[in-house]
Each structure stands twice: as C-alpha cells, then as structure tokens.
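Chains as they are written, first to last, in the numbering used here: chain Z, 1 to 480; chain H, 1 to 280.
Hints listed in this document are in silico derivations from the structure and should not be mistaken for laboratory results. Heads up, a few of these hints could be off.
[Claimed, not checked] Each computed DSSO-like pair below joins lysine-lysine, with the alpha-carbon atoms no more than 27 Å apart: (1) H:Lys-140 with Z:Lys-213; (2) Z:Lys-275 with Z:Lys-260; (3) H:Lys-140 with Z:Lys-468; (4) Z:Lys-284 with H:Lys-89; (5) Z:Lys-285 with H:Lys-140; (6) Z:Lys-426 with Z:Lys-275; (7) Z:Lys-386 with Z:Lys-407; (8) Z:Lys-275 with Z:Lys-468; (9) Z:Lys-264 with Z:Lys-284; (10) Z:Lys-202 with Z:Lys-284; (11) Z:Lys-407 with Z:Lys-213; (12) Z:Lys-275 with Z:Lys-71.
[To be verified] FRET-style restraints, in silico, Cβ to Cβ: (13) Z:Pro-72 with H:Leu-9: 23 to 29 Å; (14) H:Ile-263 with Z:Lys-49: 28 to 34 Å; (15) Z:Gly-102 with H:Phe-18: 28 to 34 Å; (16) H:Thr-45 with Z:Asn-388: 16 to 22 Å; (17) Z:Leu-97 with H:Thr-45: 40 to 46 Å; (18) Z:Asp-460 with H:Phe-125: 25 to 31 Å; (19) Z:Gln-85 with H:Leu-121: 43 to 49 Å; (20) Z:Asp-217 with H:Tyr-122: 43 to 49 Å; (21) H:Leu-121 with Z:Asp-183: 30 to 36 Å; (22) Z:Gly-267 with H:Gly-33: 43 to 49 Å.
Think of the CB as a built atom: it goes at the ideal place given N, C-alpha and C, for glycine as much as any other residue.
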Amino acid sequence: MRISRGLSRRDFLKMSGAGLAGASLLGLAGCGEESSQGSSSGGMWEQYKGMTLNFISENTAPTSAIAANLKPFKDLTGIDVEISQLELGSLVQKVSLDVSSGDPTIHVIYADPYQVMAPFAAALADLNDFNEDDSLPSVPKGLGDFIPTQLAAAGRFDDPDTLYALPYDAPTMIWMYRQDLFDKYGDQMSQDLGFDPTPSEKITWAQYYDIAKWFNDNADEVEYGTGQQAKQYDSLMCDFSNVLWAYGGDYFDNGVQVGKIGAKDPGPARLDEAKAVEAAEFYKKLNEISHPGSTSWDWTALDEAFRAGELAMVPNWHEFAAGVEDSKLGGKVGYERLPTGPARSASMWGGTGLGINGELEDDEQRAAWLFLVWATSPETQLSGLKSNVGGGTPTRQSVYELPEVKKAQHRPSDMPNILTYPAVSKAWEPENIGLRPKVEEWNECDTVIYTELSKMLAGDKSPEQAMKDAKEGFDQANGV
Amino acid sequence: MLLPALLLLAALSLFPFFYIIWMSFNEVSLIGGINFEWVGLQNWTDLVTDPDVRSSWIVSGIYFIATVGLEMFLGISIALLLHETIWGKNLALSILLMPMFVAPVIVGLLGRFLVDSTYGLYAWFLDRTGLITWEILGSKGSALLAVILMDVWEWTPLIVLIVLAGLSSMPLPVLEAAKMDGANYVQRLRHIVAPLISGVVIVALLVRSMDAIRYYDIIAITTNGGPADATKIIPIRLYETAFRFQELGYAAAIGLSMLAFSILVANLFVRILKQQGLAR
C-alpha cells in the first residue's frame with residue numbers, strides 16, 4: 001500500500017523545495033520539522049488565483065469550522081470557496097446529479113465512503129496523481145500521518161492502491177455516561193447488580209442493559225437509563241451494528257476487509273446466522289427498556305435528549321462531546337469505549353474523506369487538490385479543534401501528539417472533543433474499529449437493514465425473521 | 001400561429017414525459033453522463049410484483065383518504081361558519097389562511113418540534129394529560145396520524161378559501177326566498193347551498209387530490225417513512241429508489257404509476273363535474 005512506504009525521493013525533493021513553501025504557508029510551525037524550511041515559492045499555491053471552488057458537505061462540525069475560517073486559504077491561494085452544507089441524503093442526491101450532468105459544478109465532494117465514494121468511485125479523481133505531481137503541493141507530513149484505519153476506510157474502495165479521498169473527519173460511536181450519577185450511585189449499583197458498573201471496556205452489553213434498567217428503577221435524576229438512535233434511518237443501522245459486531249456477527253464474510261477497503265462483489269450476506277440473530281434479539285431487548293423516544297430519534301435527537309438530562313448513558317458519536325460539554329452537563333459526563341460482547345467491543349466509525357470530482361477539467365481538479373491539502377492539513381485540523389462553532393475530529397496522528405492537544409484530554413479543556421480521545425484512540429485500533437460494508441449497493445443495503453430493524457422494534461417481525469429478510473434484501477441488492 | 005406555443009409545450013411537457021417513459025424501459029446509469037441499457041418490461045414487472053411498493057401504495061391510500069377527507073370536511077365546515085360570520089370575518093380568514101403560506105418543509109419541522117418528547121409542547125401536554133404517553137413519531141399508528149394532521153393543518157385553509165369563494169358567489173335572492181318560505185338552515189344547506197357550491201367543492205377536491213398523491217416534504221422531514229414503513233407513502237419510496245438506490249429506470253416506472261393514478265382521479269372528478277353540467 002502506498003501509505004506504508006517511507007519518505008520517497010519525490011517527497012524529499014518536494015519537502016526541501018517548493019512543496020515546503022506551501023507547508024510553511026499553512027503555518028505548520030509546531031507541527032513538525034518542515035516549519036524550519038524557508039518559503040520560496042508561493043506560486044505552487046497561487047497558480048489558480050481568482051478561481052472559485054464549490055465544496056459540498058454534510059452539515060458537520062469540521063465543515064462549519066472551515067466555513068468560519070476560510071480566510072487563510074484565500075490568503076494562501078487567492079481561491080474563493082463556496083460551501084454548501086446539506087443533510088447527507090440531499091448531498092448524495094446532488095452529487096449523483098452533478099456527476100451525471102455533463103457539466104459538473106461541484107469541485108470538492110464530502111465523499112462519505114458508503115453513500116458517495118462506493119457508488120460513485122468511478123466519478124472521483126485518483127488523488128495519487130495530484131500527490132505525486134511535482135507542480136502541486138503534496139500532503140504535508142505524507143499520507144502516513146493519517147490514522148491508518150481511517151485512510152483505508154475513508155480513502156479507498158475495492159482497489160488498495162487508488163486513493164479517492166483524504167480523511168477529513170472521524171466521528172466514532174462511544175459510550176457517554178453521566179459521571180455524576182455513576183459517582184453517586186456506583187456503590188449502590190455494585191451491591192444491587194453484583195458487579196462494578198463503572199464504565200470500562202470490561203463491561204458487557206448485557207451488563208449495560210442491567211445498568212440501564214437499574215437507572216430506570218432507581219434514579220430520579222433521569223427519566224431513563226439509556227436511549228438509542230433507533231429511528232428508521234441510517235442511525236439505526238449504526239446503533240445496531242455496534243451490537244452485531246460485539247456478538248460476533250457481521251454483514252458479509254471477510255467483513256473486516258469489506259469494511260476497510262470495500263468490495264464490488266461482497267458475496268452473500270450472513271445476517272441470518274445465529275450470532276446476528278442473537279445480536280438482534282439483544283438489541284430488541286435493550287430497546288424495550290430504553291427511552292420510548294428512541295424509535296423516533298436519530299443521532300441528533302438522541303444527543304439532544306442526553307444533553308437535556310433525560311438519560312443516564314447513551315451510545316453516542318464522539319464529535320458530540322463539544323456540545324455536551326457546552327450544555328448543562330458540562331464537566332459531568334464521562335467517555336468510554338462501547339461495551340463489549342461475546343466477540344469484541346466494536347465502535348462504529350462514521351468518518352468521511354474529501355474527494356475531487358473527476359468529471360471536471362484538469363485545472364479545476366488541480367485547484368480542488370489545493371483545497372484538499374489545506375483542509376486536511378494538521379494546522380487546519382488543529383484550528384478546527386479550537387473553533388467555537390463546534391470543533392472537529394482530527395484524522396491525523398500528528399495533531400494528537402501536539403502538547404496542547406494532549407493537555408486538552410483533561411478538564412478544563414478548550415478542545416472538548418479531545419476529552420474523548422482516550423476512548424476513541426482505542427476504538428480506532430484495527431481490532432476495535434467498526435466498519436460497515438463499503439459496497440456499491442450500500443444505500444440499498446442500509447435501507448434494508450434499518451427498515452427490517454424498525455419492523456422488528458415495532459413488533460411486526462421477530463428478530464430471526466427480520467434478520468432473514470435483511471439477508472434476502474442484501475443479497476437481492478448485491479445481485480447474489 | 002400555434003407552432004411556437006406547441007414547440008414550447010413540447011419542450012416543457014412532452015419531451016420530459018416521453019423521456020420518463022423511455023427511462024422506465026431502461027436501466028439508467030448516471031456516472032460519466034447518463035447511460036441507458038434496455039431492459040424491456042423488467043421495471044414494470046418489478047413494479048407490480050414488488051411487495052414494498054405495494055405496501056407503500058396501501059399507506060398512500062390511507063394517507064390520501066384521510067388527508068383529503070378531513071380537509072374537505074373541515075374546510076367546508078369552516079367555510080360555512082365563516083360565511084355566516086358578520087363581525088371579524090376578514091381577520092378570522094386572514095388567520096385561518098396563514099398555515100397555507102408556510103413551506104411544507106417548515107410545517108414538517110414545526111410538527112417535529114411540537115411532538116418531540118424532549119422539548120415538544122404538544123408532546124408535553126398530551127403526556128401530562130395522559131392522552132398520549134408514548135412517543136408520537138415512534139409508534140406506527142400515532143406517527144401516521146401525526147403526519148396526516150400536519151398535512152390537514154396546512155391545507156384545510158385552501159379548501160376554506162375555495163369553498164368560501166363558491167359561497168360568496170351564490171345568488172342571494174334565491175337564499176332569501178327560501179328563508180321567507182320557511183326553510184330552516186339545514187334545509188337551505190341541503191337543497192340550495194350544496195347544489196350551488198358542488199362545482200367548487202369538486203374543484204377543491206380535485207386540486208387537493210392531485211397534490212396529496214405526490215406529497216413528500218412533511219413525511220421526509222419528520223419520520224422518513226418510519227417507523228416500520230408506517231408512513232412510507234409512494235413519493236417517499238420513489239425518492240428513495242431514484243436518489244438513494246440510483247435505480248432511475250425503476251423510479252421512472254413508479255413515477256408513471258403515480259401519474260396514472262392522478263389521471264384516474266382527475267378523470268373521475270371531471271366526469272362528476274360533467275354530470276352536473278359544470279364542465280364541458
């Protein structure tokens with residue numbers, strides 16, 4: 001794989017010359033040794049001065065942070081950037097129409113690996129061409145600075161060499177819990193439940209259920225022990241997948257590879273296997289004691305309910321920590337990896353990369369590359385972390401090594417998302433990360449699984465029947 | 001003389017219409033420009049055998065009858081009430097018409113906020129009074145009822161407006177003569193008002209029916225078709241097929257079936273108008 005190689009001759013030449021000019025202009029001081037190099041050539045960055053780029057993104061915190069701080073890019077390149085932030089479904093629709101229009105207008109695409117990259121990989125440019133082009137700046141610190149699992153999951157599809165996107169954000173599901181309530185009731189819970197309920201990677205999903213039920217019955221501070229993002233939507237698939245993997249189930253054979261690199265022909269689904277059915281049975285059982293709002297909540301609504309103080313704990317996206325710390329729960333919440341199951345602890349990763357519309361003219365693609373390099377640079381990611389419009393979730397290892405970022409892992413923190421780092425850093429390890437299948441027909445498969453789960457939760461189908469029907473739906477979608 | 005108008009009509013209506021028919025017999029790929037692969041009747045065969053589409057038509061039928069029925073009943077009732085009102089009629093009418101001017105997507109957002117269990121005013125009230133203690137959008141029956149009522153809230157004013165226009169154009173001497181002959185309100189309503197306004201009522205019914213069958217916004221923003229497909233009406237299924245699954249050929253077939261349904265409904269109402277001598 002390209003990321004595994006060391007510093008190439010081309011990289012060295014670039015870093016010692018014009019490429020470093022850009023890196024220096026990016027303000028990488030403090031991020032590495034490159035900053036000591038001089039800046040001799042702004043030309044590499046300014047060659048498309050006066051151009052306007054259109055960037056389409058899901059309405060996420062990193063893009064909000066970038067939208068609020070575009071001046072450095074304009075100063076660096078003279079390029080204007082128009083940003084459209086949409087709900088993901090609308091984004092997919094707009095991208096599909098744009099790449100088929102014959103007159104594309106979107107330059108930079110928020111390439112969700114599953115809903116955009118897999119179905120539209122053929123319409124995305126291979127970023128290796130730009131990264132290896134002497135007349136363009138390369139990725140500062142190299143591709144190896146991206147967290148490896150994320151580079152593969154966000155950047156590649158089917159072919160382990162082609163690079164379609166640079167990792168841009170990394171929301172990951174973790175266990176958020178009311179530390180104040182666990183402190184208050186911990187001893188009592190230990191006595192009643194017969195185990196130490198302190199959230200840790202040793203707690204199982206079955207114990208999570210017991211803890212949630214205990215809160216339902218014993219704590220007045222919250223309405224329910226837990227809530228789920230179980231609306232008939234993408235969020236339901238995400239929420240269930242954590243349990244599915246923990247119980248040893250998976251969507252396809254060789255699920256790790258299908259999640260990491262993806263596959264055009266994933267083969268038959270295995271959702272009807274005993275482990276998947278067992279996971280579904282547990283998930284149904286968990287929802288029966290969860291807040292009744294769960295079946296109408298997506299990830300945003302669940303987070304709002306948690307922040308409103310209705311729930312003692314939730315499986316939640318780690319990038320919501322900034323909002324949690326800014327709410328009335330600030331300082332009262334703890335963060336841990338999700339509970340474990342008979343097989344492992346798995347945390348759904350929902351990251352995305354930035355890609356370039358391959359249908360564009362060459363110059364437009366090259367200008368878009370400048371934005372990709374800037375937007376995913378360590379300095380921009382650090383800036384996003386400090387942003388007062390929500391904060392980001394860096395995808396680069398070097399950012400997490402910065403002293404100020406390390407310091408922010410402890411309260412008081414001016415980068416609240418970093419409070420979750422001890423939990424997510426373990427979740428991103430290859431054996432823990434939860435990667436949904438990256439297949440061309442994922443949008444259809446996704447709809448199948450969350451619809452069947454919704455029917456199961458509504459009592460229309462048994463877990464066994466729902467998983468059997470989901471398997472049939474997957475196989476039909478994938479032409480098996 | 002007519003040629004420019006015909007060309008414009010062809011460009012605006014006929015070309016897209018025939019294009020969609022062509023799409024429905026093809027598998028359509030978007031990447032790298034639009035491409036067609038002839039599949040014959042496959043999409044149409046799928047349309048009549050797909051249990052998911054059938055289920056969406058059933059939900060659509062319930063949604064259609066409930067929204068149009070409630071809107072007609074409430075719209076006519078409110079219009080009759082307003083017609084008899086002497087003081088504050090214009091003010092009442094202005095307030096009543098307001099929902100109609102709100103974008104459907106905003107109605108959906110508003111509805112979602114009002115029935116959300118975390119911060120919704122209606123949810124709080126219904127919970128405290130014990131009327132509905134469960135999650136409104138999280139349960140099949142109440143979710144469907146909620147989206148129906150959101151639609152009714154928005155579009156009943158349109159029926160009021162149309163029917164009120166019909167009531168205002170009734171010949172007063174006929175009504176006054178009936179009153180002098182001793183006809184009570186119900187008798188006047190049944191034997192004079194109803195026949196006089198039946199034409200506009202059918203027009204209102206036609207307008208709302210055509211709209212209801214292709215309704216999308218409120219459900220997309222509130223329930224996304226869930227829970228358990230309880231609110232997945234056919235336009236939601238069409239959107240999903242076209243823009244999530246990228247099956248544009250199949251989506252074209254679904255869209256054409258919606259068009260056929262609309263034409264059937266429209267023809268039914270036009271026939272009624274003809275029978276009454278109100279249309280040629």
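Going through the hints against the structure:
1. H:Lys-140 with Z:Lys-213: OK: Lys-140 of chain H and Lys-213 of chain Z at ~25 Å, within 27 Å.
2. Z:Lys-275 with Z:Lys-260: At roughly 21 Å apart (the allowed maximum being 27 Å), Lys-260 of chain Z and Lys-275 of chain Z satisfy the hint.
3. H:Lys-140 with Z:Lys-468: 22 Å, holds
4. Z:Lys-284 with H:Lys-89: 54 Å, violated
5. Z:Lys-285 with H:Lys-140: 19 Å, holds
6. Z:Lys-426 with Z:Lys-275: 24 Å, holds
7. Z:Lys-386 with Z:Lys-407: 13 Å, holds
8. Z:Lys-275 with Z:Lys-468: 12 Å, holds
9. Z:Lys-264 with Z:Lys-284: 31 Å, violated
10. Z:Lys-202 with Z:Lys-284: Distance ~22 Å between Lys-202 of chain Z and Lys-284 of chain Z Cα, so the pair holds.
11. Z:Lys-407 with Z:Lys-213: 36 Å, violated
12. Z:Lys-275 with Z:Lys-71: 52 Å, violated
13. Z:Pro-72 with H:Leu-9: 23 to 29 Å: Check failed, 53 Å falls outside 23 to 29 Å.
14. H:Ile-263 with Z:Lys-49: 28 to 34 Å: 55 Å, violated
15. Z:Gly-102 with H:Phe-18: 28 to 34 Å: Distance hint for Gly-102 of chain Z, Phe-18 of chain H is violated at roughly 20 Å.
16. H:Thr-45 with Z:Asn-388: 16 to 22 Å: 56 Å Cβ-Cβ, so the 16 to 22 Å window is violated.
17. Z:Leu-97 with H:Thr-45: 40 to 46 Å: 27 Å, violated
18. Z:Asp-460 with H:Phe-125: 25 to 31 Å: Between Asp-460 of chain Z and Phe-125 of chain H, where Cβ atoms are some 29 Å apart, the hint holds.
19. Z:Gln-85 with H:Leu-121: 43 to 49 Å: 28 Å, violated
20. Z:Asp-217 with H:Tyr-122: 43 to 49 Å: 29 Å, violated
21. H:Leu-121 with Z:Asp-183: 30 to 36 Å: 34 Å, holds
22. Z:Gly-267 with H:Gly-33: 43 to 49 Å: Given about 31 Å between the Cβ atoms, the range is violated.
Of the hints listed earlier, those the structure fails to meet are numbers 4, 9, 11, 12, 13, 14, 15, 16, 17, 19, 20 and 22, in rising order.
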